[in-house]
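Residue numbers (my numbering), protein chains in the order written: chain B, 1 to 102; chain W, 1 to 522; chain C, 1 to 482; chain X, 1 to 649.
Note that these hints are calculated values from the structure, not bench results. We put the CB at the ideal spot given by N, CA and C, even for glycine. Among the hints, erroneous ones may be present.
Unchecked claim - Quick partial rundown of chain X residues pointing at chain C, CB under 7 Å, derived from the structure:
#1 Phe451
#2 Thr602
#3 Ala603
#4 Ala605
#5 Val610
#6 Leu612
#7 Val618
#8 Ser624
#9 Gly628
#10 Ala640
Stated by the list, open to error - Computed list of chain X residues with no C-beta within reach of chain C, every gap over 10 Å:
#11 Leu43
#12 Ala54
#13 Pro64
#14 Tyr73
#15 Leu107
#16 Val299
#17 Pro425
#18 Gly524
#19 Leu527
#20 Val629
#21 Leu639
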Amino acid sequence: MQIPPVADYLIVAAALFVVGVVGFLVRRNPITMLMAIELMWNAGNLAFAAFARSFGDMSGQVFVFIVITVAAAEAAIALAIVVMVFRRRRDADVDDISVMRG
Amino acid sequence: MLIDTVIFLPLATAIVLLAIPRTAHNALKGVALAGAVATFALSLAFINLGTSVAADQNVPWIQTLWTAAYHVRVDGVRLFFILLTTLVAAVSIWGAFSYDQPERLRGYLCLLLAFETTLLGVFTAADLLLFYIYWDLMLIPVFLLLTGFSGTAEARRAAWSYLIYNGAGGLVLLLGIVALVAHTHTFEPAATLSLPARTAWWIFAAFALAFAIKTPLFPFHAWMPPTYTFAPAPVVALVSGVQSKAGLFGLLAFALPLFPQAAHAWAPVLLILATAGILYGALAAIGEQDVKTLVGFSSLSHLGLVWLALFAFDMTSVPAGILMIVSHGLIAAALFLLLGFIEERTGTRDLARFGGLAWQAPRLAVFLLIAAMAALGLPGLSGFAGEFLILIGSWQTQPVFTALALVAIVLASVYMLKLFQGTMHGPQRLGQAAPSVRDLRPRELALVAPLLAGIVFLGVWPAWLNDRTPSQVTAAAAVTRVGGVPDSPHAAHTASAARKAAAGLQMQTARRADGMVAEAGS
Amino acid sequence: MTAFAGVTISWPALAPILVLTGAGLLIMLVDLVSRATLRGLLYGIGILGAVGAGLTMLPLYGHSVTTLAGAFASDRFSWLFDLVLLGSLAVTLLLSSLRRAEDGGSPGAYAALLVFAAIGGMVMAGAANLMIIFLGLEQLSLALYVLAGMGYPRAASQEAALKYVLLGSLASAFLIFGSALLYGSSGGLSLDAVHAAASVPSGLFVTGLALFVVGIGFKLALAPFHSWVPDVYEGSPLAVTAFMAVAVKAASLAVLARVTYVVFGHDTSALAPLWLLAIISMLVGNVGAIRQRNLKRLLGYSSIAQVGYMVVGLAGVGPQGLSALAFYLVAYALTTLGAFAVMALLADGGEEYADLGAYPGLAARRPWPAAAMALFFFSLAGIPATAGFYGKLLLLAEGLAAGPWGLALDVTLVVGTVVSLYVYGKIVWDMYSFTEPEAVVPTGNALPSWVAVAAGALGTLVLGLAPQLFAMSQPFLSVGPR
Amino acid sequence: MMTDTFAQTAPFTILFLPLLGMLVIAVVGPRVHRAASAAIANLAVLGAFALTVALALDVWHRPPSDQVLTVTYPPAWAAHQQFWAHIPPLTVSFELRIDGLSLAWMLIVTGVGFLIHLYSVGYMLDSRWYRTFFAYMNLFIFAMLLLVMAGNFLWLLVGWGGVGLASYLLIGFDMHRPAAVAAARKALIMNVIGDVGIMLAMFLLFAHFGSLSYKEIFANVTAAGTPALNWIGIWLLLGAVAKSAQLPLHTWLPDAMEGPTPVSALIHAATMVTAGVYLVARAHPIYDHAPAAAQAVAVVGCATAFFAATIGCVQYDIKRVLAYSTMSQIGYMVLAVGVGAYAAGTFHFITHAFFKALLFMAAGIIIHNLGGEQDIRNMGGLARRLPFAFWAFLVGTLALCGVFPFSGFFSKDAILDQLLVLHHPVLWAFGTATAALTAYYMFRLLFMTFFTGGFRGKAQTHAGTVASMSVPVALLIGLALVGGWIVVPGHDGLTPLLRAAFADTGTMAALDHFSGIVSLAALGAGLVGFVAAYLLYERPSGLRPTLRRSLQPVRNLLANAYYVDATYHWLFEVPVLTLASDIARYLDPEAVAGGAAAVARTATAAGDAVRLWEAGYVRRYGLSMLVGVVIVLALFLYLAGGTAALGGR
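Sequences are here, hints too, so could you generate the full structure?
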C-alpha cells in the first residue's frame, strides 16, 4: 500500500499536541489534565515514528519506546500524588489547590 | 611590610576586639584607640619619603585570561589621602567613646576599624581589581553602622539610600573596569593608547558616574543629606571627611591618567555640574534648618570646587585640589564631631531651638568658630588656602565657572555664620530643654584639637603639602591641559612647568614600569 | 575499554554513575533489612557514594571521552557539573539527616530517590544525544516529583508535588515534540547530527529548537517558564528545595552549554530568544523577590535571576564562556546551599525557619549564623571578596565580548544586581537592626548543618579571595574553536 | 652690621608680639586674675609700638634709596623653599615690606591701638568676657599689622580677613543682643564681598605678572595693558570700598556701632576702616597707570564724603553720628589717594586717627556715665556734669571741623589744596561743601549733647571716669591739637618720610604748598556750618520747626540713609533667602531625593505585580508558559528568516 508523506503525520501530530495543550488549560481535574499531557507526549511519539519510518532509522523508534516507558512511570507517580492530595481534601480541583501563592 | 601593616592594623585590632568580652568597655575602648593611633603613627612614616614612591608592593595574584596583582603603593598622590584617613579615623574612634548603647559598643568599634581598613585599601590600591574590591567593601561597614548601631529609624532608612546609590555606582564602575580590562587584559592601570576613543569615552563616563555618586557631585547627592544627618557623628566624620574623597582619589589616580582625552571631552559637562553643585549646595545650606544637613550641603559645595579644580586642567588648580581635599576632610570631620557633641548635650539639631550656647560653653564656641571660619574660607585657615589656590588656577583656564564659584564664597559666609551664630550666639533659647550645657570635656577637647591644628597649619603653610604632592598630579593636568592664557607670562610659566613635570615623569617611568604614569607623561 | 555487542564501552567514563547507582541500590537494600533505627546509616551510605563517585571522577579530569556509541560523553561539559551535582547531593543528604519520622516518607526511599535524582542529573550532563538528554531529565524529574511530596504531612508539600508534576510533564511534552522535530530535520538523534542541520536551519529545525529550548528553559526556570519555582520551592522539604535549587540547574545548564557549543559552534545568532529569556529572568527574578516574606520563596526567585546571570556566560560562546559559567555555578551552589544550610541549622529539623518575620534582630541572638547568612547574601549580591563577585566579573566580561545582545545582558545584569542589593540587604538589615529580644531564640546547633554552613562559607570566601585556585581548571574548561 | 639684623628681625617681633599676647591670654588667661590678661594685652601692644618707633627711626635715618625693606621669612628659605604656596608656576612666600607708608600705619595702629587698649582697661571693667575682649583686641592688632606690613597681596589678604574676623567678633561682643549679632553678621558678609574683590584682582595679577609680590608686580607694572590694570584697580577698589565703608558697601559701619565703644574707636574709626586707603596707596603703581580706576576711586571717595555727611546731619545716636562722620572723613582720604595725593591721604589718616579716636573715647565716657545711653535727645547740658568729656569732645570737634590750628585743619587743607593743584575743581567744590556739613552735624551733636538747656534723660551719671580712661583721652587731646604740626606752611615733615615709598609715582607734590583761597574757603564753609547749627539748636526760634516741616521728605530720606539698606534687603536678601529655603524645603527633598524614592516605589510596585500574577493556579502557570512558548517560537522563526523558511527543506 502507499505510505502517506511525513507531512501528513506531522499535521496529525501537531493537531494532537494542540488538543493536548487546550485540554490542559481548560480542564480543572488533575486526572484529565494528565490525560491531556499524555496526548501531547504521544503526539511527539507519532512524529518520531513517522520520521524514523521515513528515514528508515531505528533510533527514532527506540526513542518512542523510551517515551512510552517513561510515560508509564510518570503516570504512576502523578496518580499517586493525586490520590495523596485527594485523600486529604475530598475533591481534586486544581484551582482550589492554591494555598501557596505570591 | 610597613604598608600592609598600616592597611590591616585596624582590621587586626577589630578582630582582637572580638576576643574581648562585650562588657569590658574600658578594655574595648583602650585597644580600639591604641590600634587606631598606632596606625596613624605608622602612617606618618610615609611623609619623609616625599614625592618619590614611599612604598610599593606588587604580588602577582590572578594570571588567567587577565592578570591582576595585589599591588599597593604609597606615592605622592596617595600619601595625603592615607594620612587624612588614619588621622580622622583615630579621632572618630576616640569620639565614638560616648556611644550611648554600651551593649553594642564592641560591634560599633569593630565596624569603624574595619571601615578604616577598607578606606586605606582604596587609597593604597594600585591595581584596579583591588581598588574595586575595597571600593565596594566600604559599603558594608557603613550600611551596618547605619542599620544596627545608630538606633534611630531615620538612620536605618538612610542606610537604604546609602547602600542602593553607592552600590549602583559601584556596579557602573565595575562595568567600566571590565570594559577596560577586556581591552588591556590586565587590572594594572596600563597604557590605553590602543583604546578606541569612543570606548574610552564610555569607560570614563562609567568611572566618572561612580565617582560622582561617591563624592557626591550634584545632582547625584540624594543619598547624602539623610546619611550625613542621621548617622552618628563619628560615622559621618569618616564618611564625609574621608570616604567622600574616594571618588576624587579615583579621578586623580585612575580616571584622569588613564583617559586624558576622554576626560577632556567630558570636562564641559562635569564643570557645569560642579559649578551648579557649588551654588546649589551653598543655597541649600543657607535654607537648611538642621545643622548636620547644613554642613552636608556645605561639603557638597566645597567638593564641587575640587571637581572644578580637577577639570579646569590647570597646573595650579589640580594640585590645589589635593590641598582642598585634605582641608575639607579636616574641616568636615571637626564640624561633624563638634555638632555631635552639641547634639549629645542638647538633644537637638534644629537651629530654631538653639541659641546662646557660648555663654555656657565658651571653649566649644571657640572650637566651632575656628572650624566654621575655616569652612567659610577665612584667609589664614586651610579652607581659604584650598579655595584660593584652586580658583586662582581655574581662573586661568575657566574664568566663567571660577567667577560663579566666587559667588558661592560669599554665600558660604552666610550659611556658616547662620550655623555658628544660630547655635552659639543670640539669646539662650533652649531654656528648660538643656538647663546647663556643659563645656567640652578634656577628651573632646583633645580629640578635636589635632584637626584644628591641621586646619591652621595647612592654612599658614600649604606649601608643606604641595611640596609633597607629586609631579604626576601636575602632569595629569599638564598632559590634559589645552589652551590656558595665551600671550601672558603665566602661559609661559605653565608650559615650562608642564615640560618639567613631563620630564620628571619620564624619569619616574624609567625608574619603575608604571603604565599609568607612562600614560600621563606621554 | 571493552566492547559489548559491537558497542565500545569506556568504564572509567561511566564509573561515577555506576558507583552512585550502587550506593542507591545499597540504600534500598539496607532500608529493606533494617527499620528506622538505621536512618543515619542510610544517609551515610549516600554521602559515601557521592564522595566515592567524586573520587572516580578525578582521573577523568582533563580528558574527554565519548562512549556508548557517542551517546554519552565525559568531557569539559560534564565534568564540573557532575562535581557540583555530587556536592549538592552530599550537602542535601547532610541536611536531610535532621529529618524526623513525622516528616513523612521512609528515609530509605527518600535517600535513594535523592541519589537517583543525582544520577539523572549526571546522565543529563553527559548526554550527547537527544534521547539520553530526555532520559536523564526524566529520571531527575520523576525522583524530584516524589521528593517534593515527601513532606506530605504538610499540605503545602502535597500541593508542591502536584503542581510540579503537572507542569513538569507539560514541559517534558514540549521537549519531546521539540526533539522529534529536531530529529526530523537532522535525521539523527546525536547532537553532532543536529549541528549539521543547524548550518542550514529549516523551519522544522527552528521550530524543534524552540520547543526544545522551552523544555530546558522550564527546568532552568527561565522566565516566563518559572512560575512553578516559588510554589514548589516553598512547599518542598527544606533539603529537597536546596537540591532543586542547585542540582536541577547544574544539570540543565550542562545540557544548555553543550547544545550551545556543540550545535551552534560560534554563531549563536539563532539562539537570540534564549538571551531574551535570560534578560526577562534577571528582571522578574530580582523584582519578584522584593516583596517576599518567605525565605524559601525568596531564594526561589533569586535562583531565577541567578540562572539568568549564568546564561550570560554562554552569550558569546567565547573560549572562556564555559569556565565563566562554571565558576559562577560553583559560587552559586556554595552560597545557595550555604543559605539553606543556615536555615536548616536554625530550623533544626523542626518548624522550618523560612518566615522572614523571624529574622529581625537575629544577629544579636545568634551572631555566627547571622554572619554566615549575611556572607551568603553578600555573595549572591556580588559584593567583592566573595565568590559571587568574581563570578559576576567573569560573566560581565563574557557579555561585553558578545556584541549588542551581550551588552544588553550586561546592563540588565547590573540593573538586576542593584535591585538584588535591596532584596538581600533587606534581610541583613533585618538581622542587624535593633529589636526586642524575641521569646523563642532558635537554638538549633546540629553538627551536620554546621558542617554544611562552614563548607559553604569557607568555599565562598576562598573562591572570592583566591579565584585563581579555580582558574587553574581553565585550560580544561576553555573551549577551542570547533 | 647691627642695624640690619635689627631691621631684619624687628618686623617679625612687632608683628607677632600681639599674636603672642592673644595666645597667652587664651591659654593662661582663665587661670590668672583678669587684670593680668589686661596687662598682657597692653604690654604686647606697647612693646610693638616701642619697636615700631625704633624701626621707624632706623629706616628714616637711611639714605632714601635704602628706605624700602623687603624681608622674607624665614630668610634662609627665601631662595629654595616657599613658605606659603609653592605650586609652580605659582609661588608665594611670606615676605614683609617696610617703608614709609607701612610705617605710618604701623605707628598709628600700635600707638593709638595702645591708648585704646589702656582706655578699655577701665571701660570694660564690668564686662563678663573681660579676658576674651583683650584677646580679641590683640588679635585685631596682629591682623592689622599683618595687613599693612605684608609684602605681597596674599598676606595682605590674610591680614585683611583677620581684621574682618576681629571686627566681627568685637561687633558681636555682646553676643546675647540680637542686634549686635545681626550687625556682626552684616559686617563680615560685606567684608567677604570685599575679599572676593581682592581675590579677583589677584587672579588677574597672577595671570598678567605670574606673581603676587609687590616687588615683582610694581617693578614691571607696565607689562600689563591699561585695560587689565583698570580691571585690577576696580577689583581692588571693591575690596577697599567694603572695608572702608564707602559707597555702595557702607551700610555695615553704622550698625557696627553695636560693638563696645573702644572697638568703635580703634577698629571702626582709627585703623581698620582706613585699610581701603592704605590698599589704594599701596597699589599706587597700578592706579598711576589705570586712570579710569583711579578716577573711580576719587569719585567714590568724594561721593561718600558728601553723602555720609548729609546723613550725619539728622542722626540722633551719638555713635552713629560719629560713624557717618568717619565714613565722610575716610571719603576724604579715598578721594585724596584717588587723585594721587597719597601723602595728603596718609596725613589725613594720621590726624583723623587722633581726633576720631578722641571723639569716640569722649563719647565713651559719656555713654559709660549715662549707663549705656546713646541717644542725644536724652542728653544735654552735660558740659557741667562731665567737663572732662566736654573739653575732649570740643577739641575733637574743632579738629574734625578743620579749625586752625587743630590737626584736622592741616590735613584736610592739604587734601583740598592738592585737589586744586591736580586740577579737580568739581571734587574740590564737593570737598569744601562737605566741610560745611561736617561743621554742621558736629556742632549739632556738640550742642545737643552738652548744651541746649538742661539734661533731658533719666539715666543718672554714676561713678566718674577712672584714670585708665582719662589718661589716654588726655594724651589724644594733645595729639589732636598738635598732631598736624608736622606739616606747617614752609615745612613738610611728612612727605620726605613717604617719598621713598612713592618714589615711582609722579604726583607726589609736597604738602607745604598752601593757598589762601583754599584755606579760607574751607574755614568759611566750616563757619557756615557752625552758624547754622548754632542758630538751629542754641537759639530756640520758630525757624527750626518750620524748617522741619518744609524739609520733612528730605529728613526722612536722610534719616533712612537714602533707603540703601531697604534696597539691599529687597534686592538681595529676600530673593536669596527665599530661593534658599525653597531649595532646602522643597526642591531637594522632592526633586532629588524624591526622584530616587520614585524609582524605589516603581520597583516595589513591579514586585507586587509579580506576586499578583503568581496566584497559585496551576493552569495560569501553564498559560504563562504557553505565552512564553508562542513568543519564543515566533522569535525563533522570525530570526530564522520568517515563515519562508518553513517551506524549506
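Hint check:
no., hint, in the structure
1, Phe451, "violated, 76 Å"
2, Thr602, "violated, 10 Å"
3, Ala603, "holds, 6 Å"
4, Ala605, "violated, 9 Å"
5, Val610, "holds, 4 Å"
6, Leu612, "violated, 10 Å"
7, Val618, "holds, 5 Å"
8, Ser624, "holds, 5 Å"
9, Gly628, "holds, 4 Å"
10, Ala640, "holds, 4 Å"
11, Leu43, "holds, 59 Å"
12, Ala54, "holds, 68 Å"
13, Pro64, "holds, 73 Å"
14, Tyr73, "holds, 50 Å"
15, Leu107, "holds, 67 Å"
16, Val299, "holds, 63 Å"
17, Pro425, "holds, 77 Å"
18, Gly524, "holds, 85 Å"
19, Leu527, "holds, 84 Å"
20, Val629, "violated, 5 Å"
21, Leu639, "violated, 6 Å"
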